[in-house]
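> Kindly generate the complete structure, drawing on both the sequences and the hints.
Order-wise, the sequence lines are chains Z and P.
For the first sequence, position 147 matches number 147 in the numbering used here, and the numbering has no gaps at all.
Counting the second sequence from 1 gives a position; the numbering used here is that position plus 355.
One or more of the hints may lead you astray.
If you want a taste of the chain Z side facing chain P, the calculated C-beta under 10 Å gives, among others [said to hold, decoys possible]:
| hint | residue |
| --- | --- |
| 1 | R208 |
| 2 | W209 |
| 3 | R211 |
| 4 | A212 |
| 5 | G213 |
| 6 | F214 |
| 7 | A215 |
| 8 | S221 |
| 9 | A225 |
| 10 | R227 |
| 11 | Y228 |
| 12 | I231 |
Hint data in this document are derived by calculation from the structure and do not stem from the laboratory.
Where a beta carbon is used, it is the ideal one built from N, C-alpha and C, also for glycine.
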Amino acid sequence: MKAKLLAFRRSLTALIIGFLASAVLILCVGESPRHILQIFLNGAGGSAYDFGLTLYYAVPLVLTGLAVSIGLKTRLFNIGVEGQLTVGALAAALAGIVGPDSAPWNRLLGFGAALLAGGLWGALLGYLRARRRAHEVVAGIMLNFIAYGLTSWIALNFFKNPESQNPETMSIPTGARIPSFTFFQSAPVSWVLIIAPFAALCVWAYYRWTRAGFAMEAVGSNPEAARYAGISIATQQFWALTLGGMLSGLVGFIEVYGNTGKFVVGFSPGYGFMGVAVALVGRLNPLGILGAALLFAGLHKGSLDLDFETEWLTRDFAQILQAILILFMSCSNLIPASWQLRIEVLKRRLHGNRD
Amino acid sequence: MKPNANTDAIGSPQIAIEAVGLAKAYGTCISNADVSFKVLKGTIHGILGENGAGKSTAMKILYGLVKPDLGEIWIDGIKRSIHSPQDAKAIGIGMVHQHFMLSEAQTVLENIVLGNETTYIWARTIPEPLKPLNLDASRAAVLKIMAEHNLTVPLEAKIDDLSVGVRQRVEIIKLLYADAKILILDEPTAVLTPQEIQDFFKQLRILAKAGKTILIVTHKLRELLDVTDTISIFRAGRVIETVSTSVIDSDGLATLMIGRRLETIRNDHKGPTSSKPVLTIEDLHLSPAPTAQQSCSLTLFPGEILGIAGIEGNGQAELVEALRHPREFLRGHAVKRFEFLGKDVRHWKTPEMVASGLGCIPADRHHEGLLLDRSAVQNFALGHENNPKFRSGPFLRWKQIRAATATGMDICQVNPRLPDLLLKDFSGGNQQKLIIAREIHDKPRLLIAFHPTRGIDVGAIELLHKKLLELRAEGMAIILISSELEEILALSDRIAVMENYRISRTFLGGRCDETELGLAMSGSHSDREVPFES
Numbered sequence: 001m002k003a004k005l006l007a008f009r010r011s012l013t014a015l016i017i018g019f020l021a022s023a024v025l026i027l028c029v030g031e032s033p034r035h036i037l038q039i040f041l042n043g044a045g046g047s048a049y050d051f052g053l054t055l056y057y058a059v060p061l062v063l064t065g066l067a068v069s070i071g072l073k074t075r076l077f078n079i080g081v082e083g084q085l086t087v088g089a090l091a092a093a094l095a096g097i098v099g100p101d102s103a104p105w106n107r108l109l110g111f112g113a114a115l116l117a118g119g120l121w122g123a124l125l126g127y128l129r130a131r132r133r134a135h136e137v138v139a140g141i142m143l144n145f146i147a148y149g150l151t152s153w154i155a156l157n158f159f160k161n162p163e164s165q166n167p168e169t170m171s172i173p174t175g176a177r178i179p180s181f182t183f184f185q186s187a188p189v190s191w192v193l194i195i196a197p198f199a200a201l202c203v204w205a206y207y208r209w210t211r212a213g214f215a216m217e218a219v220g221s222n223p224e225a226a227r228y229a230g231i232s233i234a235t236q237q238f239w240a241l242t243l244g245g246m247l248s249g250l251v252g253f254i255e256v257y258g259n260t261g262k263f264v265v266g267f268s269p270g271y272g273f274m275g276v277a278v279a280l281v282g283r284l285n286p287l288g289i290l291g292a293a294l295l296f297a298g299l300h301k302g303s304l305d306l307d308f309e310t311e312w313l314t315r316d317f318a319q320i321l322q323a324i325l326i327l328f329m330s331c332s333n334l335i336p337a338s339w340q341l342r343i344e345v346l347k348r349r350l351h352g353n354r355d
Numbered sequence: 356m357k358p359n360a361n362t363d364a365i366g367s368p369q370i371a372i373e374a375v376g377l378a379k380a381y382g383t384c385i386s387n388a389d390v391s392f393k394v395l396k397g398t399i400h401g402i403l404g405e406n407g408a409g410k411s412t413a414m415k416i417l418y419g420l421v422k423p424d425l426g427e428i429w430i431d432g433i434k435r436s437i438h439s440p441q442d443a444k445a446i447g448i449g450m451v452h453q454h455f456m457l458s459e460a461q462t463v464l465e466n467i468v469l470g471n472e473t474t475y476i477w478a479r480t481i482p483e484p485l486k487p488l489n490l491d492a493s494r495a496a497v498l499k500i501m502a503e504h505n506l507t508v509p510l511e512a513k514i515d516d517l518s519v520g521v522r523q524r525v526e527i528i529k530l531l532y533a534d535a536k537i538l539i540l541d542e543p544t545a546v547l548t549p550q551e552i553q554d555f556f557k558q559l560r561i562l563a564k565a566g567k568t569i570l571i572v573t574h575k576l577r578e579l580l581d582v583t584d585t586i587s588i589f590r591a592g593r594v595i596e597t598v599s600t601s602v603i604d605s606d607g608l609a610t611l612m613i614g615r616r617l618e619t620i621r622n623d624h625k626g627p628t629s630s631k632p633v634l635t636i637e638d639l640h641l642s643p644a645p646t647a648q649q650s651c652s653l654t655l656f657p658g659e660i661l662g663i664a665g666i667e668g669n670g671q672a673e674l675v676e677a678l679r680h681p682r683e684f685l686r687g688h689a690v691k692r693f694e695f696l697g698k699d700v701r702h703w704k705t706p707e708m709v710a711s712g713l714g715c716i717p718a719d720r721h722h723e724g725l726l727l728d729r730s731a732v733q734n735f736a737l738g739h740e741n742n743p744k745f746r747s748g749p750f751l752r753w754k755q756i757r758a759a760t761a762t763g764m765d766i767c768q769v770n771p772r773l774p775d776l777l778l779k780d781f782s783g784g785n786q787q788k789l790i791i792a793r794e795i796h797d798k799p800r801l802l803i804a805f806h807p808t809r810g811i812d813v814g815a816i817e818l819l820h821k822k823l824l825e826l827r828a829e830g831m832a833i834i835l836i837s838s839e840l841e842e843i844l845a846l847s848d849r850i851a852v853m854e855n856y857r858i859s860r861t862f863l864g865g866r867c868d869e870t871e872l873g874l875a876m877s878g879s880h881s882d883r884e885v886p887f888e889s
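If you want it as structure tokens, here you go:
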């Protein structure tokens, strides 16, 4: 528990130092850091609408962050999340289109289809990695390309919306779409939002309470010891990628049922890749990932506003600021440790040795 | 050698190394609190201490691998700050690590000159990395060193083909070639047979006479008494005393080291408690490419300790692997009979073996036994997550696991008794005690103890030995694999010597001595053999 608090404190320190460094950079380009911070805060949560948009960006990031983190738990770099969520979205859309008109059944079918399709795509990667010894990064990237091509082909050749100029499928029944919160005004935040914290909770409980989760964590902590204890590393890796695929597939469900109502080719602005940063900044901890996803979503939303509100700065600059923060967060392990050790030695010196 | 090599002009002894108040902490863990000692030139100085007493850290500071938080180092009367091994080498300090750092594919000569290459005079203008080596010049220099110090090694042989004893000599010649005046040897005897150790000590004495200062880091008391002139004893990050070897004995050293007297522990040789074997192995091929003679057979009864002596890498690891993962191992290795508790277990996986009563203390606890970044409770579940007491359906019952951990920690005196402490915050000895607690908590029928006392201090060893004998008295069958002959001799009911992937000799416990075992381990013969099944 103490270690976790320490890790949290370190992340926070890193975040603050990152903000300070960003402030220096902002001064260098001749802007007021206070002004910029204001824009960011206003943009991310200034009104119910703005905050709604932040939440809207955060939800997929939570899921992809979790998906990546499960892979990293077994020391695999799951870069295939992007493909898995694309497959999941198409599956959800198709299920919605062909499914029954009754809203609850349609939704359930869509949910199941997204979970299953994402899971299968993840399982394919898991099989290649665990049983065929393919490198998960190479295989993952290739599967992303295949997923992109395959989904576009299916969507545009068999289920294309004839009335639209855009590369998208027909819509699912309007009644089956999940209603938005009115609280957030016109921001596209629907009830699917709750999937994110619920998924984080499930993942947390999986690690904490189940035998399978424990085995997975053991593999991540020390593969050699896990093998010695009779845990099959290949099996754990397979399941880690499969579960990651299922979580990624849910992003597709959220997109289709909670937002657009159809499969739009290229709908993801790179949720899968941002998931890597979210997972790392969240330190693979489900609760940390919730926080990190919110932070990233806020930064993303804030950076959009930077374009409009300032004379000089563009969205690119906001990306630089994001990068600085990530950089500091990822080396936050270095920050207070050396100080602590010095203080501790001096203390011992003063008090003498007690044993 | 010049008679005054170790004294200055007036004839008083020179101080080669003086450490003053060295301190170093890792995080909140204080490794060295206040380390001060002096070593006279031309002496062999022992650095003794329990695991975690701070001796390795102190040596790393001397060699520039670790930067001290506080303190000073004086070498030959000059204050030095040593920031890297390069600095250390420049002022004549060399170190042989416990695990040798030789490039196995290269020849002995190439290894010796590595880092101190001689180049041709005509190559002066060529940039440093591209200069061709003048191996002939180096060879002459190395031969001179070998002759001076009576050390011989085959210069053209590949390191791969050499025994560990010879490799160690190569390491030492390498230091001498780099003109080291102070040699730090970290656990130098860990991998040597008793005979090799004696030769090695002789060579050390010759080196000391020639004016080299030698520091030996170890926790083996007897060896220090054999070879050193003075000994510094570390306890809890401090040097509590530096004594002259001539005025102290092994009991005195142990008392200083752990702060109390040690008990002597011996097996009473009562014999097995039942005649129904726990384990029967017939003609198991352990070697990856076995010849006809390289098969291993053994039978083990409840209530006996079978000691397996042997130099590391002669099939012990494979034997454990076979018992731990029968199905996986036996896929590539032939066996005639492989029975555990009367059942053919050739197709069993680890969880089945564990469930029917196999406990295993792994050889390398950090690699195979523990999750260092997890708590003691979580480590207690590792390998036992299928135990019906610990699970219900797909879930783990942490309450029960925690209770079992607390009990286990009490039984094995794990200190501190904090089930939620991360494993890396326990000392090596306590980590080992926790593994033992885990492996015996379910009363296994067979316990494999593979190097159970490696790298842990005498206090913990004492406890562990007592525990093993207790378990044996309760009817557990134990396979004790160790390279510490003392341990094997003190605890075993029967002793099997493993050499070249087979059991080459067998002895009854209490009926053989260290010399005999040592000879058998190195493959030589002796005629006082006792048949295995007596």
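> For each hint, tell me whether it holds in the structure or not.
Status of the hints after comparison with the structure:
no., hint, in the structure
1, R208, "8 Å, holds"
2, W209, "5 Å, holds"
3, R211, "5 Å, holds"
4, A212, "6 Å, holds"
5, G213, "9 Å, holds"
6, F214, "6 Å, holds"
7, A215, "6 Å, holds"
8, S221, "4 Å, holds"
9, A225, "5 Å, holds"
10, R227, "8 Å, holds"
11, Y228, "4 Å, holds"
12, I231, "8 Å, holds"
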